[in-house]
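There are 2 protein chains.
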Amino acid sequence: MPRKTVIIGGGAAGLGSAGGVKAADPEADVVVYTQYEDVAYSPCGIPYVHGGEIPDFERLFLAGKQAYVDAGIDVHYETEVTAIDTAAKTVTVTGEGVVPYDNLIIATGWNYADPGVPGGDLGGLYYVKNIRKAMEWDKVISETKSAVVVEAGPLGLEMVTALAHRGVETHLIDPSPYALSMMADPDIMAPVEESWRELGVHLHFNTTLEAFIGGSDGLGDADGKVRAVRTSGGEIAADLVVISTHKTPENTLAKAAGIKLGSTGGMIVDERMKTSAPNVWGAGDVVEIPHGLTRTPLQGLTGSHAYAQGKTAGTNAGGGDRTYRAVYVPWGTPAGKWVIGGASFGEATATALGIPYVKGEAQGISRARYYPDVQPVKVKLLAEPGTLRLIGAQMVGGGEGIKERADFLAQAIRFGMTLHDLSTMENVYSPAIGALNEPIVVAATNGVASARSAGGARIETARKA
Amino acid sequence: MPRKTVIIGGGAAGLGSAGGVKAADPEADVVVYTQYEDVAYSPCGIPYVHGGEIPDFERLFLAGKQAYVDAGIDVHYETEVTAIDTAAKTVTVTGEGVVPYDNLIIATGWNYADPGVPGGDLGGLYYVKNIRKAMEWDKVISETKSAVVVEAGPLGLEMVTALAHRGVETHLIDPSPYALSMMADPDIMAPVEESWRELGVHLHFNTTLEAFIGGSDGLGDADGKVRAVRTSGGEIAADLVVISTHKTPENTLAKAAGIKLGSTGGMIVDERMKTSAPNVWGAGDVVEIPHGLTRTPLQGLTGSHAYAQGKTAGTNAGGGDRTYRAVYVPWGTPAGKWVIGGASFGEATATALGIPYVKGEAQGISRARYYPDVQPVKVKLLAEPGTLRLIGAQMVGGGEGIKERADFLAQAIRFGMTLHDLSTMENVYSPAIGALNEPIVVAATNGVASARSAGGARIETARKA
Chain A
0 MPRKTVIIGG GAAGLGSAGG VKAADPEADV VVYTQYEDVA YSPCGIPYVH
50 GGEIPDFERL FLAGKQAYVD AGIDVHYETE VTAIDTAAKT VTVTGEGVVP
100 YDNLIIATGW NYADPGVPGG DLGGLYYVKN IRKAMEWDKV ISETKSAVVV
150 EAGPLGLEMV TALAHRGVET HLIDPSPYAL SMMADPDIMA PVEESWRELG
200 VHLHFNTTLE AFIGGSDGLG DADGKVRAVR TSGGEIAADL VVISTHKTPE
250 NTLAKAAGIK LGSTGGMIVD ERMKTSAPNV WGAGDVVEIP HGLTRTPLQG
300 LTGSHAYAQG KTAGTNAGGG DRTYRAVYVP WGTPAGKWVI GGASFGEATA
350 TALGIPYVKG EAQGISRARY YPDVQPVKVK LLAEPGTLRL IGAQMVGGGE
400 GIKERADFLA QAIRFGMTLH DLSTMENVYS PAIGALNEPI VVAATNGVAS
450 ARSAGGARIE TARKA
Chain B
0 MPRKTVIIGG GAAGLGSAGG VKAADPEADV VVYTQYEDVA YSPCGIPYVH
50 GGEIPDFERL FLAGKQAYVD AGIDVHYETE VTAIDTAAKT VTVTGEGVVP
100 YDNLIIATGW NYADPGVPGG DLGGLYYVKN IRKAMEWDKV ISETKSAVVV
150 EAGPLGLEMV TALAHRGVET HLIDPSPYAL SMMADPDIMA PVEESWRELG
200 VHLHFNTTLE AFIGGSDGLG DADGKVRAVR TSGGEIAADL VVISTHKTPE
250 NTLAKAAGIK LGSTGGMIVD ERMKTSAPNV WGAGDVVEIP HGLTRTPLQG
300 LTGSHAYAQG KTAGTNAGGG DRTYRAVYVP WGTPAGKWVI GGASFGEATA
350 TALGIPYVKG EAQGISRARY YPDVQPVKVK LLAEPGTLRL IGAQMVGGGE
400 GIKERADFLA QAIRFGMTLH DLSTMENVYS PAIGALNEPI VVAATNGVAS
450 ARSAGGARIE TARKA
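Protein chains in written order, with numbering that gives the first Met the number 0: chain A, 0 to 464; chain B, 0 to 464.
Quick caveat, the hints were computed from the structure, so don't treat them as lab data.
Don't take each hint at face value.
Note: identical chains are not told apart, hence a pair may lie in one copy or across any two.
Lysine-lysine pairs mimicking DSSO-like chemistry, simulated, CA-CA at most 30 Å apart [to be verified]: (1) Lys88 <-> Lys224; (2) Lys64 <-> Lys336; (3) Lys273 <-> Lys336; (4) Lys144 <-> Lys88; (5) Lys336 <-> Lys132; (6) Lys224 <-> Lys358; (7) Lys138 <-> Lys3; (8) Lys336 <-> Lys377; (9) Lys132 <-> Lys3; (10) Lys358 <-> Lys88; (11) Lys273 <-> Lys254; (12) Lys358 <-> Lys254; (13) Lys224 <-> Lys21; (14) Lys138 <-> Lys254; (15) Lys358 <-> Lys132; (16) Lys132 <-> Lys64; (17) Lys132 <-> Lys246; (18) Lys64 <-> Lys377; (19) Lys254 <-> Lys336; (20) Lys224 <-> Lys3; (21) Lys273 <-> Lys138; (22) Lys224 <-> Lys64; (23) Lys259 <-> Lys21; (24) Lys259 <-> Lys144; (25) Lys224 <-> Lys377; (26) Lys144 <-> Lys224; (27) Lys21 <-> Lys138.
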């Protein structure tokens, strides 16, 4: 009899898991439960449809439902799993009752952190996530005059740019002194913030959200819709509020089932993506994964991570053998008119964690200086004092090669490459596609020189900014 | 008294050397001899001015002559060095007589290999190299109806595309069965060749040049100008012939001075770029450098290599300490409407050298599938059977990230990364700049699967194509 794997969640982690099970055990009985009407679309594309870069939502669908049927994956749409019993090896499903499994993969994803202020039940508060809702909200954006984006996380960045491109008067509020402060350094974000100002965006940093304020219907009664937000810096009028607070793991089922959670609230998994419960695996934003250098647990990584974790969980649930390692977190995203990216951590995080570092920086270029459309590429490398082993990197540039450099630098950190190794790296020189001096090489060379000339005196001391 | 370093050659290697000496020993007396009117321009940009991508030749100049004066580098323009006496530590210079040195750096560069056929003294034969001549030739191109490019090397590729963009009827002749056969594989070049045909280029492969044929002045006398080339496949009419035979080291002076040359004709240097003669260093296209894996000597690398070698030679000549290693040769260039690139070697070279390999290929994309202007990125990885250590890579794509991937893959080869390591690499996923699945990761994953499923049976046997 085929073994039955139940997967809770139809996102990148859930579907990566389903594929992993089928690859390891083509006879396996694979059931995916999702509370949504769809699977296999790319939620990451939603802000770019709002911004007009992508012409319609239909493009975000990657495969038709039939493709899963054909692959022998049984997706139950708009179906909720309400409980897990790891001893009985069953899940309770609305409308289906108690369903047994041989193996279970929990890929329940994430939610936005509750803003925790009054007025959260008003209309006009947009949590970007589901594509069907996004289609409705897109019509709302067309009617919107003024919007507030709450918190400058990755999605907040994208939505600020998207709303500005749509001609909406856009305000960004964030309690930190600069945007994307949980990942990026202020020098990397400065040009991004400048480009938002050029787009007419109003930036409110060091500003805390205090309440959503509702409007009235003109007769003195509340109309149930947001008309403004109250902040530590005053009131800001808004027809629409996009809430992009940080991601929290959707761990309700896991917690109730007694599965061990870590400090982030994400499930703790081993290298095979196995949870603390027998026959239960996890993948995606509901698990936490250690950082490769600091071993700090991380949660809320990218769709690419979720998919790879799913593949690992599914392969192992299907009887195969695959491991997933600690992460070095290459990242990148358009922001304003620039593209930013990096790997591991930057100065702000190193400082917060008390990690000493030496620094090599370069303001380089993406093509020959004289070639049309050459773009700036700023590279900043952080290395361990003494060994000069790379421990982090951040970049900002016009876009060319930022993603590929981030991938490379994450792998360089994983392999223990030093600034010496990067300063002696060969690079392609061809005027239309690469400059004589690769910016990474220049940054590494500067880092080596800085470490040498200062005899260690330029090691940045770990201090709060 | 300051030590005097004489540098022969004003290209990337020569000027990199001059900078290296000054960095190591700011008091050094540095004299650069060049037979040309200029230094510090980018010859690599010339084909792109001819093609119209770069609007004028003036942009190719990187620094004014004053910049070298200011840096304390004494450049003697239009000056020829006619002999070296390594025992007496002197050079003989036209117009200056016998000039003593403490250290000598030979950076005399390269020449095109002599086509070795009759008619080589006719007008209308263009050897792309010097910028002043290129300015004159650009006017000739404007008047040209039909051109032949001789040999499909890196410069030939660029000139074919440039001439086609200028509306010239362009023919490419090459004795090999496909373009760039000394570096690239046929499957990588196939889309390039197709795009040339779309541009109206006539491709003549397996075709040998036999003679340049002169025209007559209408009265029956020879006019001294080329009117056609004779080939093994017949005669091709041409007002202009661009000769891009392979680069040979300009070793006349070195050879006469008894400096040890290698099998390529390039000077043999150690890791500090020191030649066999006391106090004599070398850099750039006049030296040969071993390939990092095969130890085969390579000659005629890029301007980026020449510059780095010059820096090394200059630093050591100036009393510093810097090493230059064996090379893994990342390369890349636009070709037709595509960009091609790679690192180390491809299947054709592996086969010719009798090196066995397993292969991982992927047809990937540069952005999310649904994001506008997404480009194809084909990646092919070669690995050592058994260990699956990466030994080579080739790519063809729309352009995005080809250069940065080539840099990365060369460094991955240097660091002994395996297909397993690359298949478990993290990657940035952000719709506008990177796809869910990085093409390198997919290619590596396919390579691992292929090696595993075949149990080694799919190891490509080394055979002549």
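Flag every earlier hint the structure violates by its number, smallest first.
1, 2, 3, 4, 6, 7, 9, 10, 12, 13, 14, 15, 19, 20, 21, 22, 24, 25 and 27
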